[in-house]
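S.K.: Numbering (the UniProt record's numbering), first residue to last: 1 to 629.
Please keep in mind that the hints were generated in silico from the structure rather than gathered at the bench. Only true hints are included.
The calculated lysine-lysine pairs, modelled on DSS-like cross-linking and capped at a C-alpha distance of 30 Å, are:
| hint | residue 1 | residue 2 |
| --- | --- | --- |
| 1 | Lys533 | Lys261 |
| 2 | Lys146 | Lys208 |
| 3 | Lys100 | Lys565 |
| 4 | Lys565 | Lys614 |
| 5 | Lys614 | Lys108 |
| 6 | Lys261 | Lys208 |
Distance windows between CB atoms, simulated:
| hint | residue 1 | residue 2 | range |
| --- | --- | --- | --- |
| 7 | Leu115 | Asn259 | 44 to 50 Å |
| 8 | His539 | Arg483 | 52 to 58 Å |
| 9 | Glu485 | Val537 | 45 to 51 Å |
| 10 | Arg483 | Gly279 | 39 to 45 Å |
| 11 | Val230 | Ala287 | 29 to 35 Å |
Backbone N, C-alpha and C define an ideal beta-carbon position, used for all residues, glycine too.
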Amino acid sequence: LEEKQGSHFKKNLLKMDIIALVAILVAAGIPACLASLGDRSYSFLTCLQTCENSKCRGPGLERFNANQPRYMGLLGWDCTEECKYECMWDTVETFQRAGKDVPQFYGKWPFVRVLGAQEPASVVFSVLNGLAHLVMIGVFRSRVPKDATLYWTVNVYALVAVNAWIWSTVFHTRDLVWTERLDYFSATSIIFFQLFHCFRRCFGGFWKSLIFGAVLLRLFAGHVYYLSAVKFDYGYNMKVMVTVAVVNGVFWFVLAIKNRKQPHMWKCGTAIVLVNLLGLLEVGDFAPIWWTFDGHALWHAGTAPVVVLWYRILCFLGRQIQTLPEMSVQLLEEQLHRAESGEWPFVRVLGIQEPASVLFSILNGLGHVVMIGVFRRRVPSHAKMNSVVHWLAVKMDYFCATSLVVFQLFMWFTRFGGFKESAMFGALLAALFSGHVYYLGFVKFDYGYNMMANVAVGWRCEEECRYGCMWRTVEEIQLSDPRGEIPQFYGKWPFVRVLGIQEPASVLFSILNGLGHVVMIGVFRKRVPSHAKMYSVVHWLAAVSINAWFWSAVFHARDFSWTEKMDYFCATSLVVFQLFMFFTRFNGFEESAIFGTLLAVLFSTHVFYMAFVKFDYGYNMVANVTVGT
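With these hints in hand, go ahead and build the complete structure from the sequences.
M.R.: Have a look at this one:
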């Protein structure tokens with residue numbers, strides 16, 4: 001009986017241990033679900049427990065309080081927070097030794113602490129933004145009379161902005177619950193007030209502005225109340241800020257377009273575009289460079305020059321005697337409707353509205369007529385449909401596409417040559433194209449008929465096997481399923497290789513683009529005097545463009561990792577320099593120097609991120625399209 005009771009007691013004790021263990025694991029898992037990879041890692045938790053036991057209890061805590069600088073205590077760095085900071089860097093070293101990515105801790109990247117400031121770069125750039133507002137509001141008050149339109153509105157805007165940057169500085173110095181909320185609410189107040197400012201400038205009127213301002217104030221108060229008293233929802237806060245910012249940007253951009261004939265109004269659109277471009281730094285979340293500069297800090301760095309540009313716009317608008325005319329929504333809609341329903345202008349030739357489209361349509365039709373005759377001679381009438389589709393897809397489409405490329409080359413030549421030169425060049429192209437079609441159509445349809453050149457370009461045995469298997473796969477898919485789509489291989493469509501070149505058409509047209517810049521910069525030098533305003537800038541544009549098209553030709557000739565990166569970076573440099581050139585055309589030396597420095601910082605950050613952090617195709621495309629637009 002005693003043995004049975006002892007066994008029963010041991011079983012109950014085991015059950016209690018299991019229940020207690022599960023309870024501990026669940027309790028430990030609740031904060032871990034709300035944490036980040038770094039602060040819930042084993043190395044961090046072990047280090048934190050050891051540090052707190054040795055430094056934050058008894059004599060260890062007394063030594064800590066005696067040795068800690070006073071300003072660190074005022075900033076809220078107690079013993080537990082100090083242990084978290086030390087263990088954070090120990091964990092980072094552990095992850096790096098294991099070859100893993102740098103983790104986040106409590107939702108943030110690790111930053112080097114400077115004089116107690118958690119994010120020193122963001123602190124410095126927040127201070128610069130606040131100083132920019134203070135300095136430029138002084139410039140505004142000295143240049144614009146007090147009775148000018150919206151004089152006091154701009155002064156209140158500066159007050160709201162300075163307040164926001166003060167709390168941004170405080171929050172990035174020490175991330176606490178109350179500093180975080182004040183930073184978020186102050187940032188939202190800037191966006192709301194900018195929208196109110198734009199409404200007043202567009203529609204004017206005391207009562208209209210009063211009603212609209214009351215509505216915005218009610219929305220802002222409800223937003224603050226919800227985040228403070230109901231739920232501090234980061235996603236909801238971000239949606240509200242982005243929505244109001246987009247509406248704000250659209251209003252200002254439409255205002256700039258409507259009044260584009262007035263001097264300096266183009267700066268308004270430029271400022272809106274720059275702010276959106278800088279917003280890409282917030283999207284690209286990456287570990288801090290030198291443990292100091294992350295995307296958010298660089299965004300703060302870029303907004304300071306935009307503040308200077310923005311107040312220059314406000315100074316110009318403030319000096320106007322009359323308010324800008326009110327926008328007519330109906331008139332704007334009518335203009336957009338006419339633009340959407342209209343057509344592009346074309347040069348008429350012999351009464352033909354779109355001569356190039358007519359010519360190429362005829363060429364396509366003739367191609368089908370000729371090739372269907374060839375098809376009838378070569379394919380028996382009892383052949384299955386898959387052979388017809390295979391022949392058409394592989395041969396006729398290839399010939400017609402080649403004819404289009406050849407004719408575009410001929411059209412480019414005729415633009416610079418006379419009738420005789422064009423006739424001779426056209427006859428040469430026709431002979432080459434005819435020989436090309438005859439060989440591939442009637443002798444041997446061989447995609448790689450120049451293997452010696454292929455070896456010289458770096459096609460190893462493995463690469464040759466991939467190339468051959470690629471075309472076999474394409475043919476098998478077309479034979480088995482005539483309606484099947486042609487697949488991509490290693491992220492690219494299949495191309496016919498010529499002289500070892502992976503994408504021959506892209507290489508040819510890249511060379512033509514580069515030659516176009518070389519020829520036209522020579523024409524520019526002959527026709528424009530050297531003392532002209534944009535003379536040297538245009539020369540730099542030509543140099544950047546030629547370099548970009550050179551690397552484009554190299555990359556499309558042979559796709560390696562280093563040629564791909566050089567092509568992408570040079571293409572981005574061309575887009576960025578064109579934006580700089582546009583800016584310098586309408587501004588002086590100082591403004592151009594500031595804007596050029598900003599672009600150089602953005603471009604360098606972009607290249608560094610793509611080269612050393614993550615080669616992200618999507619991010620690169622978004623950056624290029626945004627700057628290009």
